[in-house]
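A.B. asks: Sequence:
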Amino acid sequence: MDLLTRIKGPRDLDRLSLGELDQLAEEIRTFLVDAVSKTGGHLGPNLGVVELTIALHRVFESPKDKVLWDTGHQAYVHKLLTGRQDFSRLKSKGGLSGYPSRAESDHDIIENSHASGVLGWADGMAKANEVLKKDDHVVAVIGDGALTGGMAWEALNNIAAAKDRPLVIVVNDNERSYAPTIGGLANHLATLRTTDGYERFLARGKDILERTPVVGRPLYETLHGAKKGLKDFIAPQGMFEDLGLKYVGPIDGHDIEALESALQRAKRFGGPVIVHCLTEKGRGYTPALEDEADRFHAVGKIHPDTGLPISTSGLDWTSVFGEEMLKLGQEREDIVAITAAMLQPVGLGKFEEAFPDRIYDVGIAEQHGAVSAAGLATGGLHPVFAVYATFLNRAFDQVLMDVALHKCGVTFVLDRAGITGTDGASHNGMWDMSILQCVPGLRIAAPRDADQVRAQLREAVAVDDAPTVVRFSKGAVGSAVQAVGKAGGMDILRKPKAARPDVLIVSVGALAPMCLEIADLLDAQGISSTVVDPRWVKPVDEALAPLAERHRVVVTVEDNSRAGGVGSAVSQALRDADVDVPLRDFGIPPVFLDHASRGEVMADIGLTAPDIARQVTGLVAKLDGRFESRAVEPARD
9 MDLLTRIKGP RDLDRLSLGE LDQLAEEIRT FLVDAVSKTG GHLGPNLGVV
59 ELTIALHRVF ESPKDKVLWD TGHQAYVHKL LTGRQDFSRL KSKGGLSGYP
109 SRAESDHDII ENSHASGVLG WADGMAKANE VLKKDDHVVA VIGDGALTGG
159 MAWEALNNIA AAKDRPLVIV VNDNERSYAP TIGGLANHLA TLRTTDGYER
209 FLARGKDILE RTPVVGRPLY ETLHGAKKGL KDFIAPQGMF EDLGLKYVGP
259 IDGHDIEALE SALQRAKRFG GPVIVHCLTE KGRGYTPALE DEADRFHAVG
309 KIHPDTGLPI STSGLDWTSV FGEEMLKLGQ EREDIVAITA AMLQPVGLGK
359 FEEAFPDRIY DVGIAEQHGA VSAAGLATGG LHPVFAVYAT FLNRAFDQVL
409 MDVALHKCGV TFVLDRAGIT GTDGASHNGM WDMSILQCVP GLRIAAPRDA
459 DQVRAQLREA VAVDDAPTVV RFSKGAVGSA VQAVGKAGGM DILRKPKAAR
509 PDVLIVSVGA LAPMCLEIAD LLDAQGISST VVDPRWVKPV DEALAPLAER
559 HRVVVTVEDN SRAGGVGSAV SQALRDADVD VPLRDFGIPP VFLDHASRGE
609 VMADIGLTAP DIARQVTGLV AKLDGRFESR AVEPARD
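Numbering-wise, the sequence shown is residues 9 to 645 according to the working numbering.
Please keep in mind that the hints were generated in silico from the structure rather than gathered at the bench.
Computed from a predicted model, the values in this text were never measured in an experiment.
Treat the hints with caution; some may be incorrect.
[As the list claims (entries may be wrong)] Cut-off 27 Å, straight-line C-alpha distance, at most; resulting in silico cross-link-like pairs (DSS-like, lysine-lysine):
hint	residue 1	residue 2
1	K630	K505
2	K142	K46
3	K335	K358
4	K141	K171
5	K142	K72
6	K171	K254
7	K254	K72
8	K72	K141
Starting from the given sequences, assemble the full structure and let the hints guide the process.
C.D. replies: This is how it looks when you write it as structure tokens:
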């Protein structure tokens, strides 16, 4: 690591020879495999952009020049070259973020980790440079997968309108997002990859014709004048040039000299330029290259030599959904699946193997996916759109105006709901139950365990006249939590010992074990409680109000933002039913949460059993006229 340790900032690259740059690239790959294997993280994408990142920082002067990354998971090399080489706590509390972070460095301009937005950022920043008469360069690095998103093309439409506004767009084309990129754009880029190229054809033709007496030069000029038709035939980059964007490439994304030459030309051009770079995801690491699913897009802790996981966790929520989805597909021919470029991460791999003609990968285009689902439902099918909870935010208008307004039977399965932790603010699925509360007719299921995932998924796909949502957490699913009774459509998880119980605890989803722990802590203080799981948190079950009326206090506990969440809905339902019982809602405060483990985040925001029990004890004490709450000691290991 002799060269890497000498790099304290991008300008240190200027002193290195071409041979030393190649050596640096190898050192960086060795570092990434060693470091990320210890912590987990996005390995494959970063192995693919080593030379590209070196070239970008040699040609442009960050942070004066703005280098923007879409998505930010490919910015590890950028971190290394901008002075951040302590990866020992990557994605852990107090360590480096897994994405660009303004708090870490002035070189990190945007903290994006939702794909396809960078070109909009770049368009706005280039316009700002124009208005303020600044000579900064704006460089947007976007993957071919992110180019499948509609926002990217909306931005390109605007970028192309100003032919003299400098802006460099680097397309990092590795044929993949998580999995291989699909769709018409992917086919177009594939054509560009496999074409010998117009410029080389014309150069060879010029050389031959200029040596041909009399007719050679006029014939060359005729051919050059017809270059648009020739380009479409030989190297169909015309799609970009028809928009008004200068196209450079394809460039070998692992040839630093070629990359620098292309980027220098783009830098000098004075208008919008696309530099098309061909890279290899997972380059230099055999286990990644042999992983056909996603080239080690994201890994947990692995053995660096073999790429095999160091430890395996128990059954996870995603796998439970995937197995049940396969069974439903076998039972019902009208069940189809939709994914937004995340077939494996959302658990649809087995469904795709069994029913390849009944699954649709729409690319990174959640808005289109939701509208397409409405069309599938209207056509007589029942689509199940599996997506990370944080990414459904992007399709809210389509859920509201296309799916719900038209009473379409579409099931949205939200993976990674609630606090996900290590991926930071952008990946916490903490808004879905808030933003979906206002959608008329929509129903939300929050399963507490694997058995309920299976049962509630089946209940959801049985609804054919309204959208349904099934949301669950990230990671391992715990033991089953058995019901001890029913109240309407709700499960009672714990019955009170007293005839007039003190507290009704409304448990949402995966927090059921925590709520039972809260009840135990309250019981130790002489406070009796009922724990109920609504199962379907929207609409609020009609049996909840009369149940609440038999208690002195109502407490809701949810893995979602407190603003507009289940607690708010329960409060409104009680008011509508004229039930005047104090209610305290516990959930996630309306803030962006720093990256840390799920447990650390929950402790930081007070979403733990001891914290909640302590506050509820104080509330009950006030009702009793005792103003000092009795201490509730946390459980000891």
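A.B. asks: All hints are to be evaluated individually against the structure, with a verdict given for each.
C.D. replies: Now for the hints, and whether the structure bears them out:
1. K630 with K505: holds (21 Å)
2. K142 with K46: violated (43 Å)
3. K335 with K358: Within the cut-off at roughly 10 Å; holds.
4. K141 with K171: This hinted pair holds, its Cα atoms lying about 16 Å apart.
5. K142 with K72: Status holds; Cα separation ~10 Å.
6. K171 with K254: holds (9 Å)
7. K254 with K72: Status holds; Cα separation ~24 Å.
8. K72 with K141: holds (14 Å)
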